[in-house]
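Student: Protein sequences, first through last, are from chains A and B. Per my numbering, the very first residue in the first sequence carries number 1; after that it's consecutive. Per my numbering, the very first residue in the second sequence carries number 1; after that it's consecutive.
Calculated directly from the structure, the hints in this document are not laboratory data. Where a beta carbon is used, it is the ideal one built from N, C-alpha and C, also for glycine. Check each hint, because a few of them may be wrong.
Derived, one-sided and incomplete: chain B residues facing chain A with beta-carbon distance under 8 Å [said to hold, decoys possible]: (1) L67; (2) E99; (3) V121; (4) V125; (5) C126; (6) K141; (7) F142; (8) V145; (9) Y250.
Here is what each chain is made of, one letter per residue.
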Amino acid sequence: MKSNTWTIIKKEFARFFGDRQLLFTTVIMPGLLIYIIYSLMGSGIQKMVTEGAGEVVTMRVENMPESLAPVIASMDSSLVVVQQPVTEADIALLEDKELNAVLVRFPERFDEVVFGKNEVAGEALPNVEIYYNSTNNAASRVYMVMNTMLGNIGRTFTVNVPQEEGQRFDQATDESIGAMIWSKILPMLIIMMLFSGVMAIAPSSIAGEKERGTIATLLVTPMRRNELALGKIVSLSGIALLSGISSFIGIALSLPKMVGIGEAADLGFNYTTSDYIALLLVILASVLIMASAVSLLSALAKDVKNAGTMVTPFMLVVMLAGLLPMFQNGAAESLGVYLIPFYNSIEVMTAVFSHELAWTPLIVTMVSDLVYTGIAVWGLTRMFNSEKVMFSK
Amino acid sequence: MEEILKVEGLSKTFTLSRKQQKIERTAAKRKVAVDNLTFNAVRGEIFGLLGPNGAGKTTTLRMLSTLIKPDSGDAVLDGCSVVRQPEEVRGKIGFLTSELKLEDFFTPNYLFDFFSELHGVDPNVCRERKQKMFERFGIDKFAEVKVANLSTGMKQKLSLVISLVHDPEVIIFDEPTNGLDVLTARTVTDYLQELRGEGKTIILSTHIFSLVERLCDRVGIIIDGRLVACGALDEVCSGLSIEDRFFEIYKEVKGGEE
C-alpha cells in the first residue's frame, strides 16, 4: 500500500478512535443496543410462553354434555371443571379481570343434536359459547385446547395424530428448519448493520471535509488523488467493519436468549469454521463495496446533510435486496447473480446460513466486489480531480 | 535573476449556473474568469496580483496551485508544469487561502506531523522545523490544544505554518491578511519579508494597496481576468501612489465606470 494512503488511513483512524463519542455511537452502541433489545425481546417471548403454565384455571360449564364430561375433565392437568350456569355477571367479571376462569355454555340437547344424527333441516347448528379473557395466558391456552377439541368432534378420521412416541410426519429436521430461518433473517440484519456503520462515518469523512474546507487542504499536498481516494475507502471500510463486528457480537450473544437458552444449536446455529471464514470474507467484500458507494455519493454531495439525503434511497434499495431471501428457496445457483453488487453478498450469506456454502459463488462475489471497489477508487479519484465536484457551492 | 515561475497564456472560463447568473445579474451562461494571463516571477521576490473582487486573482492562484486546471495556457513552476506535473508542483509550493481549513479535532502537533508526512519530510527535520516555527509563531504553548479551541488568530498562524511544513521554494498566498487582527496580520507580513530574505518567492493576491506598497517588489494589476499592467512597483506606479495609479488604469480599462 502506498505510504500516503497509509498516512490517510492513520489520520482517519486517529480521528475516529480519538473521538470517544463517535467511537461509542458507531462501534459500541450498535452491539450493545442489539444485545439489550434482543435479550429483552427474548425474555418477553419466553415469559409469554411460560406464563400461565401450571396456573390453575377454573372452567365453569353450563349444560355439560354427558359425552364430553370425561374428556373435558382430563383435558388439562391445571383445569378445575365446575358445572354451573354461566351468568352475564360472570362474563362482566371476566372483562374486568376479576374472574380467572373460562366460561362454557353448551346448548341444551347437545348430545342429541350432535351425536343423535337427528338434525332437522333448517334448524341452526348447535353453538357452544366459550367466554374468556385473552390477556390471561392460562385462559387463552385452555380456550385453544377446548376449541381444537370441539372442532374435531364429528370427524370420521384424524390427520397426523402420532400413533407411537417420536413418530414424525414433517421430515425436515429442527436443524434444517432453523438454518432456513437464519438464512432468511440474518443476511438482511448483517447488511443493515454494516450499512449503518458506513452511514455513520462516510458522509462526515468526505462530504463533511468538503463542507468544512479541510479536503482542499489535503488536495494541495503532493499526494496523488487516487492515494487519497483509496485511503478514505479503506479506512471507512475498516471502521464500518468494526461497527458490523460489534453488531454481530450483539446478535451472537443475544441469540440464545432470543430462541431460548440451549436451543440455538438445536435450531441449526452450529456453523463450521469454513462457514465463519466465508462469512468474514463476504462481510469484508460487502463493507468495501458499501464504503465505496457511499463515498462516491458523499463526494458528490455539497455537505453532510445533502449526503444523507443522497444515500438514503440507496440504502433502501440495499435493504430491499436484503429482504429477497425471504421470498426464495435457498441461494441462487446461477453464477451471474454473484456479479450483482450487494445482492451477491446477500446470496452468499444465505448459502452460508443454510449450510449450502459453495466456494465458486464466494470467489465470484469477492473478485467482482474488488473490481467494483477499484472502479469506485477510480471514480472517487476523478471526483477529487474535478473542480466542479470539489468546489461547487 | 533566476526565473522560477513562468505563466503563459493562462485562461479559465466557468459555466454559470442559473443561481450564479442571478447573483452576477447576467444572462451569459459562461464567464471568462482569467483571460490569457502571462507574467513571470523570479527567485527571492514578492509578486503581487492586485485587483478588485471578482477580477480573477483567486482563480489564477488556484490554477498555479493545481487545485483547478486551466482551459488553455500553462505555468511552469521551478521547472514543473501545472498542467502535466501537478503532484510535483504541489511539492514545490506552499499554498494558503482562507478557504483552506484545518480539522478542528486535531492538535497543531498532530497536524504538523501529518502534513510533513504527506510532503515526505524526514521525521528528524520535521521535529526541528516544528519546534522552530511553533516558537516563531507562539504556537508551542498550544501544541496539544485541539484546533477547535484555538483563537482565530492562532488558527491563521497555524494554517500558515502548516502550509510551509516542507519549506517550499514558492509560496502562494491568496489575500494573506484577510480576516486577521492587526497583530496577526503584522506577524504574517513580517514573516513574508523574512521568507523573501531567505530567497523564497512569494506570489500573493490582494486588493489592499498598502500591502502591495509595503511588501511587493513587482505587481500585476488584474481587471476582468486580464492583466492590464505588470512590472516593478515603481514602473507600474509611474510616480503616482499605487492606489491612484490603479484607479487611473481602472478608468482606462472600464471606460470611466467605477
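Student: Determine for every hint whether it applies to the structure shown.
Tutor: Hint-by-hint comparison with the structure:
1. L67: Check passed: Cβ of L67/B comes within 6 Å of chain A, closer than 8 Å.
2. E99: E99/B check passes; min Cβ-Cβ to chain A is 6 Å, inside 8 Å.
3. V121: Check failed: Cβ of V121/B comes no nearer than 11 Å to chain A, outside 8 Å.
4. V125: With a minimum Cβ separation of about 16 Å from chain A (threshold 8 Å), the hint on V125/B is violated.
5. C126: This hint is violated: C126/B lies away from chain A, its Cβ roughly 13 Å from the closest one there, beyond 8 Å.
6. K141: Not OK, violated: K141/B not within 8 Å of chain A, min 21 Å.
7. F142: violated (17 Å)
8. V145: This hint is violated: V145/B lies away from chain A, its Cβ roughly 14 Å from the closest one there, beyond 8 Å.
9. Y250: violated (28 Å)
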